[in-house]
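Peer 1: Chain by chain, the residues run as shown.
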Amino acid sequence: MKKLGAKKSAVAGVLAASMLIVSALSGCGQTNTPQTQQQSASSNATPQMGGVLRTWKQYDPKSLDPTDCGDTDSYDIQQNIYDGLVMWDKSGKEIVPDLAAAMPTITNGGKTYTFQLRKDVTFQNGDPFTAADVVYSFNREASKSIASPGESYFSMIKGMDDVFTGKAKTVSGVVEKGKYTVEFDLTQPTRTFVDVLAMPYAFIVDKKYTSALPNQAALSLHPIGTGPFTFKEWKKGQDIELVRNPHYYLKDAQGRQLPYMAGITWTLGYGNSVAYLKFKDKKQDFSLIPTSDYVSTLNDPNMKNDITSLVENDYFYIGGNIKKAPWNKKPVRQAMEYAINKDALVKLYNKRIVAAWSILPPNMPGYQENPSGYKYDPAKAKELLKKAGYTNGLPGVHPMVYVKNSIRDVLAANIQAQLAAVGIKITLDGVPFPKYLDEVTKGKEDMVYGGWMQDYPDPDDFLNILFNTNQIPSNNNVGYSNPTVDKQLNQLATVTDLQKAIPGYQAVEKQILDDAAIVPLYHDKEAYLIQPWVHNSQLHPVYPYFYYWTMWIDQKAEQAATKG
Amino acid sequence: MAESILEVKDLRTYFYTEAGVVKAVNGVNFRLEKGQSLGVVGESGSGKSITALSIMGLIKPPGRVISGEIRLQGQDLLKKSRKELEKIRGNDIAMIFQDPMTSLNPVLRVGEQIAEAVVLHRKVNRKEGWNVALEMLKKVGIPEAEDRIRRFPHEMSGGMRQRVMIAIALSCNPKVLIADEPTTALDVTIQAQILDLIRLLQKDFETATIMITHDLGVVAEVCRNVMVMYAGQPVEYSDVTTVLEQPKHPYTWGLLSSLPKLNASGKQRLTPIDGMPPDLGNLPEGCAFAPRCPHKKPVCERQEPSGKWLSPGHFVRCHLYEA
Amino acid sequence: MLSYLIRRTFWMIVTLFFIVLIAFVINFVVPGNPARTIAGPKASPEVIKAIEEKYDLNKPVPVQFEHYFVNLLHGDLGISYRTNESVNSELRTAFPKTMYLGFSVFFLNVLIGVPTGIYAAIKRSKFMDHVILISSLVGTSAPTFWIGYILLFVVGYKLSLLPIGGYGGISHVILPAFTVSLASAAGYVRVVRTSMLEVLGTDYVRTAEAKGLSQSTVILKHAFRSSVIPLITYAGMDLGTLMGGLIVTEGIFGWPGIGQMAVTAINYQDMPTIMGVVLVAAVAVVIANFVVDIIYALVDPRISY
Ligand SMILES: Nc1ncnc2c1ncn2[C@@H]1O[C@H](COP(=O)(O)OP(=O)(O)OP(=O)(O)O)[C@@H](O)[C@H]1O
Ligand code: SF4
Ligand SMILES: [Mg+2]
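Chains as they are written, first to last, in my numbering: chain V, 333 to 896; chain B, 2 to 324; chain C, 103 to 407.
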């Protein structure tokens, strides 16, 4: 979780700052059952080998070192260089083995996870992959001198925090049980442990190579992993080049060595509008769509087929601080649920968002469309305010804090107008992300317009972190506290099978919305442009990037298109 | 009659300003013979400098020479192209300006400023140009010329700079030299030196000179003939003695009236006459001097005097002398 | 001259010291804990503590400043919060690229600004003069990103004459340089025009004309040389704005200089990098101003130090 600082397409850097992103992001990719790769092909043609994907990023990734992979830009590149023990499958709803030969056996009441590793994997420099590399990678992630921002995701592993705080030299809970066997010992049973293992912080690095580096920061500039593409060059602010790893361990259904493409090049440093021009000029295979060009692109017969879009696993909301009056009155909060015309917001933002009537986003396990049955009904809102004793609208003017950017300013102003129409007067307090964090994580705000992006697709990541009393104020910024909900959430977290926990989470979500803890507003809808000669460019439902290793390029079509 | 070097006929230079047409030079005629020197006097704004600049072909918009002839050895300069004029300027006609402090380029060495004209007109190389410059600096009486030639103007006094200006003007041995108040900006002792120098060089180089000045003493010393200008026109023209001793025009009387008797070295400024010079953009219908003239007749305000030669060599523009 | 140089250098150092101090203080006045920004909102207190230690953030501000300053005296600008790399090495890569763009802009400014300014002065009050004045006004007031985008769209995309963004040789530098230059060359035009008009009205230009020098000699040798002094002054004053233009433009075109570094660093609150960029830019401006003063003395013999 991360609080959403800014839309990634606009200010990835800010996001990066805040994000610990990831696991969700991580997803991905590689399906280890090659048969499934074909199902999403954008054409029935047989994949061709070769061709370089010319893609783009506005900002340089923060780092190519997995211990520093806290932003989506870093993740997008690192997922090609490194692999983890497990990863998300293409549906984004299930974890599958990656460097592990199979899913772990869980013993000791859910506290011991034992992995058998693949024996056919080598690092890009030829070093064989073994259990020692796994142990090394987790010790590295725990290292105090590296101070990985993701370390606390792994706190459930025995000894992880002790190494981090300097109390121990090695992580006692990650044990090499044989050349291809690793055991994890947890301090307590944790369902989300495999989710966490799918995060990039848990990518496996080459012990022999990495430990010999002159300093650990050097890994970022000279990364080596087991992934489908090998790092070639990173010219800061200009481009990053990866080339095909011919020794990648996955093959497709026809037995062809993956990946198909000869390489990927990200050009760096310029924004949306320029990327869009380069895309239209066919000099780039991928682009985002600038907001100003969004509608025209959707209607452009030449381009509309190049668009691929995805509702992201995030959500934006507004809420009053329940610890303060008048938000402590439930009818007041309920009035807000009826006061906002979310379709107006969607229209304002060119349909780059979808309206939200629930907390969990559509691609999240347990999604329900509108559990509490709210709708836009300003008359009802006024009535509820009356019921709360405010016949002439809410007294006072309430500052609403949010992370400032041009889009959010527009949406916030619309929200302000809509609330005013039912008698709730607010002022807009758009601030830089660090200031925002400073206010809301201390529960100082009166009203908040915030966002949340998943770390991994588990309802726990939204409902428990945002609404459990024990998360006040750091993540439960509105100060919602319901003992029944807390009890349920705590119990659900220990259920090892997510499918069994889902009905419980759905009940919790409905309760939270019935209590009107927050008003869900919308989910982001990311839309990308991809050239028609690039195939299999399906987006991950969890994390808005591609599975590069199953993409392929129709080079004849590309040449034909770019020649003219 | 001696050879005529420069002949100006009915020269008119107007400025087309937003406020209207300013008739700065409004029918000037004169003749200059070889080696002769003509003094031009008149109040400030009477068109002396504009006359000189018209002859040099240096009138800038919004000004324009609208009619007349300027014949240099018979050739009408007004009919010449810009290129042809560039060959004449600085070569056949040269000019010295009033303020030596501002007339030299502050960022070029004085030697260069002399030599460039020489190189241009005499078609010599730079080195020879510098030799000529050095020679000229010596001629205009600059001590330590070898050193001064490399100096910048700001390193020299006003008098020295005016000598440099004279050196520039005379470096190509022009046929006509126009000196527009060359001593006004200098202090008195220096003034005399510079005037002596001009007179001397004028003889040496046999240059015909037009000396524009406010200073009748200068005229008396340097010039043979005098042209008195008022409102862009010559109102009286004659030899120095006649103008100073038997002036005929009421304006000339006015210029001279408050003067103490001139002594040999007398250097007296023209004293102001009551009243203001007319607005050149809105001249009165009759005689331009009429509003200030103590002798005006009714006709003066109706009709412009056409001018009359009272004797060969003595021209006056005044109704007092018109039949 | 020597005493001037010593004095000048002294003040340069004082200026830079205050720039360091002010930049440092401003960085600390902005709200939010950098360690928290690095770690993200969910990080445990232990993670934040470890990060604070790693980046020296756990000490009182004056101590941090002292450390920073001592390191700075050794030429060490610290480690980037964002990339974990040394700011020095990142600047070493980026700064020459900014210089490359900056000098291209300067070259274009002179190439566009000087002849246009002279032309406008000669054509004073004529039609072309008005056209130039109005376009220079547009040039100055149009936002840089807008100019940049229009250029990319027309020249890069529609006409396919030049690459659409990116770093490289002459063909890559033209559009970004032109983007910055359009705004600052407009200033050059106006300064050259004004000072030329002034100089063209001076007595010494009339003297030059009276010598029979051709119009081009008069303008280039006599008039322009003196009018170059206000231009140098302007170019010096414009440097700060130029830096600003470079930063924006680098972001638009994907030019990997210190501007782009700054934009990313600001987004991330990457203090050591921000400080590094500010310092390098400040040093560049201070040195350039110093050079301007020296050039003065060379161009104008009346000035001596
Ligand atoms: N650029 C100009 N625009 C408009 N009028 C001008 C311009 N230059 C000169 N004049 C007009 O021409 C008239 C004559 O000017 P000129 O410089 O010839 O006077 P002058 O006799 O040389 O006076 P002074 O003794 O002060 O040098 C002035 O009164 C002025 O009104
Ligand atoms: S014409 Fe008349 S007004 Fe003019 S000067 Fe002669 S007497 Fe005076
Ligand atoms: Mg004059």
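No lab work stands behind these hints, which were simulated from the structure alone. Treat the numbers as computed from the prediction; the structure is a model and nothing was measured. Here a beta-carbon is modelled for each residue, glycine too, at the ideal position from N, C-alpha and C. Certain hints may be false.
Derived list of chain C stretches under chain B, where covered just means 3 residues or more per stretch with a C-beta under 8 Å from a C-beta of chain B [as the list claims (entries may be wrong)]: (1) 174–185; (2) 292–306; (3) 313–319; (4) 324–330.
Here are the computed distance ranges between Cβ atoms for each label pair [claimed, not checked]: (5) C:Ser146 with V:Asp829: 25 to 31 Å; (6) C:Val233 with B:Ser258: 53 to 59 Å; (7) C:Leu235 with V:Ser641: 30 to 36 Å; (8) C:Val233 with B:Ala193: 50 to 56 Å; (9) C:Lys161 with V:Pro731: 31 to 37 Å; (10) B:Gly314 with C:Ile236: 56 to 62 Å.
Okay, derived cross-link-like pairs now, DSS-like style, lysine-lysine, Cα gap no bigger than 30 Å in a straight line [claimed, not checked]: (11) B:Lys81 with C:Lys161; (12) V:Lys540 with C:Lys156; (13) V:Lys476 with V:Lys511; (14) B:Lys80 with C:Lys228; (15) C:Lys161 with V:Lys501; (16) V:Lys655 with V:Lys712.
Peer 1: A separate judgement is required for each hint: does it hold in the structure or not?
Peer 2: Hint check:
1. 174–185: violated (count 0)
2. 292–306: n = 3 at 8 Å, threshold three: holds.
3. 313–319: That given contact holds, which follows from 6 residues of the stretch 313–319 of chain C lying within Cβ reach (below 8 Å) of chain B.
4. 324–330: Since three or more residues must qualify, the claim that chain B covers the stretch 324–330 of chain C holds, with 3 doing so at under 8 Å.
5. C:Ser146 with V:Asp829: 25 to 31 Å: holds (27 Å)
6. C:Val233 with B:Ser258: 53 to 59 Å: Cβ of Val233 of chain C to Cβ of Ser258 of chain B: about 56 Å, so the range 53 to 59 Å holds.
7. C:Leu235 with V:Ser641: 30 to 36 Å: violated (49 Å)
8. C:Val233 with B:Ala193: 50 to 56 Å: holds (53 Å)
9. C:Lys161 with V:Pro731: 31 to 37 Å: holds (34 Å)
10. B:Gly314 with C:Ile236: 56 to 62 Å: holds (58 Å)
11. B:Lys81 with C:Lys161: violated (84 Å)
12. V:Lys540 with C:Lys156: The given pair, whose Cα atoms are some 25 Å apart, holds under the 30 Å limit.
13. V:Lys476 with V:Lys511: holds (27 Å)
14. B:Lys80 with C:Lys228: holds (25 Å)
15. C:Lys161 with V:Lys501: Holds, at about 26 Å.
16. V:Lys655 with V:Lys712: holds (24 Å)
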